[in-house]
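Student: Add chain L to chain G, keeping to what the hints say.
Line by line, the protein sequences give chains G and L.
Residue numbers for the first sequence follow the working numbering, beginning at 1 and rising by one.
Residue numbers for the second sequence follow the working numbering, beginning at 1001 and rising by one.
Treat the hints with care, as some may be off.
Pair by pair, the computed Cβ-Cβ distance ranges are [claimed, not checked]:
{"hint": "1", "chain 1": "L", "residue 1": "GLY1110", "chain 2": "G", "residue 2": "PRO417", "range": "34 to 42 Å"}
{"hint": "2", "chain 1": "L", "residue 1": "GLY1110", "chain 2": "G", "residue 2": "ARG515", "range": "40 to 48 Å"}
{"hint": "3", "chain 1": "L", "residue 1": "LEU1173", "chain 2": "G", "residue 2": "PRO52", "range": "29 to 37 Å"}
{"hint": "4", "chain 1": "G", "residue 1": "ALA10", "chain 2": "L", "residue 2": "ARG1239", "range": "29 to 37 Å"}
Chain L is nowhere near these chain G residues, computed Cβ spacing over 10 Å in every case [claimed, not checked]:
{"hint": "5", "residue": "ALA175"}
{"hint": "6", "residue": "ASP307"}
{"hint": "7", "residue": "ARG333"}
Derived by calculation from the structure, the hints in this document are not laboratory data.
Keep in mind that this is a model prediction, so the values were computed, not measured.
Note that beta-carbon positions come from the ideal geometry of N, C-alpha and C, so glycine has one too.
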Amino acid sequence: MRPFDPRLLAVAPAARRPVVAVAVVGVLQGLATVATAFALAALVVAVVDGTPVGAPAGWLVALLGTRSALGWAAERSAARAGVEVTAALRRALLEHWLRVPAERRPDPDRGATLAGQGVATVEPYAARFLPALVAGAVVPVLALGALVWVDPVSALVVALTLPLLPAFAALIGAATRDETQRRWRALSSLAGHFTDVVRGLPTLVGYGRAERQVEVVAEVSGAHRRATMRTLRLAFLSSAALELLASISVAIVAVTVGLRLTHGTLDLGTGLLAILLAPEAYWPIRRVGAEFHAAADGAEAVADALDELAAGPAGRTTPAGTPAAEALGVRLRGVHYSYPGASIPVLRGLDLDAGPGLTVLTGPSGAGKSTVLELAAGLRTPSAGTVTAGHAHLVTQRPFLPAGTVRDALRLGNDAPDADLWAALRRVGLEGFVAALPAALDTPLGDEGVGFSAGQRARVALARATLSTAPVLLVDEPTAHLDGPGAEIVHELLSELAERRAVLVVTHRPELVARAHRHVGLEPRAVGATA
Amino acid sequence: MSAPAALRNPVTVVRPTRATVLGGLLGGAATTSGIALTATSGWLVVRASERPVILTLLAAIVAVRAFGMARPYFRYLERLVSHDAALAELADRRVAVFSALVPLTPARLGRRSRSAVLTGVVEDLTDVVEAQVRVTVPLVSGALAGLGAAALTAWFAPTLGLVVAALLVVLALGCVVAWHAESTSRDALLAARAEVARVGDLVARQAGELKAIGAERDALRALGAAHATWRAAVARQSRGRALVAALLPLGTAAATVAAALLVDPATVGAPVAALLVLVPVAVGEALAPLVDTMRALARAQGSSARLTALLDQEPAVHDPAGPTTSSAQHPEHVDGCSEPRATGGAPVVRLEAVTASWTGERTALAPTDLALRPDRHVAVVGPNGSGKSTLLAVLARALDVTGGRHTRDGVDVRGLPLATARADIAVVDDEPHVFAGSLAANLRLARPDADDDALRHALALAGLGPWLTELPDGLDTRLGTGGRGVSGGERTRLGIARAVLAERAVVLLDEPTAHLDDATATAVLDDVLGATRERAVVLVSHRPEALNRFDHVLDLGAHPSSRPDQE
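Okay, chain G solo, but in the shape it has when bound (with noise of 0.2 Å):
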């Protein structure tokens, strides 16, 4: 796994400045620390020298002002990078989502989860483990820097042990890798019974089997203490002989420093100055290591993001329809279509034509004629064959209407002011209804609000579709929820509708067929025809 990919600042350019931030306030604040031992060595040799305090006293409040300064910049910048990078991430992958076609979209619960919770976890990720990688990175190499002018024999000691200690975290891992690997798999599986059986919770009520898990509760419970135990105490013991490492490093250069200063081979500030630099080369290298465990998620999701943004050419996100966006009807020719992963096309060379005025298309079920709609939509592309299309509104047959107000449903797609949505919705029949809702168009819809029958759901679906501007209208099965008087405002409806666009509708109603300019027939997986 890549600590940092680098593709991130390609695909999320919002997400750069913010980065770049806390790289700058990381390294400030490197050159702060590795400054403050200076001032404070000088401090307390003039504390034992007798001599005035003021110049490094004032020396050290500067700085630790400045790292106070520095301190707070520290925070602002990895909770904004936290923010940035993992907003620009979601964004990146919800415009890709909504720009390519359906064969290019994961299915909706991986993407769904991916944007999500995946997402999610790159906020720890880009505020806490970026610092400390840009930390670990600069700190020890200032540090050594420092050393190797001030006191080159402690440099030697601190260079030889300092890269023992990503050594010895490589040994010990790869010690215990297989072992750790086995424990994490039964761990993970201990941990998730408890989620598990929570969420089941319902179920297991239901069939009177919860009272009876209580107890397997607790026992898989102590089974997850211990084996987390023996996990924690491997894990613990590794980190432990780092430190030690470390400290053992730190004690060699200050038994060193004050073996030579008996000696009178080293002054009293220079040995000050070894002690107190020698340290800050070796913690930042064990945070970054703790804190890669605790965003290790956060990286995956970055790849799985980066890899998702990646995956097919760019230059089939186009959808079919738009080169000839202005045009005035749609146009299949030879059209196949198999859906991903079926052996047997839904489509075979089918042949289309609907210009501007009514086209009906009629079938049996599981003919294509969804598919059709959302072929000419350009929400799919075809396996073979083109598909030419205007700029089209599709209404489907689950038509989305957001959680809010009627009017956030009606004005999804277009900015119509309120004249224009009763306007619409007196066409669809749904004026009276909806002005004698208690708030009117500012009534909210759904569950803390008032329902909508599934009938009335498509008629503000077809209210909506009047306020788009796209010249071609595509409507699957507008009539399905609607008895005798509402099928005849809607098809009333889509005959005006068709006066100026091209409106091209899946149906089984012979009142609308009768309506229509051309009728195209599917058949069960067969070529169409025109009739």
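Tutor: Chain L only, in chain G's frame:
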């Protein structure tokens, strides 16, 4: 086991135990060793610069090495003790919380996305227990090390003891500020995060629908707005954190300069003077992480409040048998049935002018009548909010009626023990849970004594026969977390197979096809109606198609009196 203690209040945040205090003592030893390492190193170097006989330095050299080794050693012991204590605590509290959840399930877990509520319970409980390690232990060890350092400096020079004590006060102040900042910003931040998650989830799932109506820009605008709110909430929280991060170096600077000015090398000697000047820096660095513990504390307090609010609810159904014995009893038919049972031992369920409410304030189901006889298939339709799910909850004995009569074979159900009342009923909701385990185990929870043939028969009835033959290990195939993935349609059919296997006479289906595409939904509905031919079925659906296949359609929206009261 301290389970009885945990039962009293399973969600208390900080409750020092013998183990956490021991952890704190060990942690205090580790932190003190770290401070002593810096201080004795300073002493050693200054004493060495006076060029004494090497032997006089030996004690200091040994001390430096000992403190250097003691710190990782004590830290290791502390981590072992405190983590073990936390895990023991977690085990106890999990049992307690699970037991407390049982009587509240399902009606008190919210009416939507119960699995999300339940996942939240698991996470909140983990936060609360982690606070034991991340709050109690560092607080005890920090207090110990800080007071120890103050006492030691005071022994050498009383005024410097006061300086260190003042630094401790600054640190404590930093902790208070940090806690306050976290507590006050936490709720807004959580709400902002939840909104970002909601919008992100919606756009990810509805990308096709949004594209269909040309609403991509609106979707991204909504995401932008959610991100902006979140950004503001994080900025507010980070201001508090930044304030504390800025405060600590200033405190250290002041204490160090004060120490340098107040120390008198002539009285304590140069080496000790050096040691005393270095102590504030060492204390500041060793105790700065305490501020982080305040984040864990604030977080755990929020989690605890949520858990308490959930667990303190009264159950939505009264159990005449009492909560502790309800499921231990075997379901038996109650004597004195005034209305004899029809075929197959299925009860006749009647609702007469029944009303119900989830909260006690707003009526969710207006007076409704329903007679449910064996082999009768009833579809319930109506707009959102008309009480479809509420009706099902009443039938499932998950919710008591607030008015009217709910009888089973003529007996008021409130007189029946819950276990008995529920034993005839199977509920298949829109997200049946698949447990991590074998397919057989997933089915047998509905009827533990079922043999493999019965399992196969139930699967075949639910339309899962072909699926079963494709499974690599048949009935032993592992499903759920870590096992084979199960699609939405398969999940619903598994729920139906459970209901069939348990031979429940009444099957209640709450939008079983809500998350399925049209073709799958139709196929699943076929299998539902086929598998439950001999049972009483009540199906709540948003899809009015195929209603002609039911014996009776109950439209809660058609009935003018059944509109829920609007506030």
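Student: Does each hint fit the structure? Answer for all of them.
Tutor: Do the hints match the structure? See the list:
1. L:GLY1110 / G:PRO417: 34 to 42 Å: 38 Å, holds
2. L:GLY1110 / G:ARG515: 40 to 48 Å: With a Cβ separation near 47 Å, L:GLY1110 and G:ARG515 satisfy 40 to 48 Å, so the hint holds.
3. L:LEU1173 / G:PRO52: 29 to 37 Å: 32 Å, holds
4. G:ALA10 / L:ARG1239: 29 to 37 Å: Cβ of G:ALA10 to Cβ of L:ARG1239: about 31 Å, so the range 29 to 37 Å holds.
5. ALA175: 18 Å, holds
6. ASP307: 16 Å, holds
7. ARG333: Fine: 23 Å to the nearest Cβ keeps G:ARG333 off the interface.
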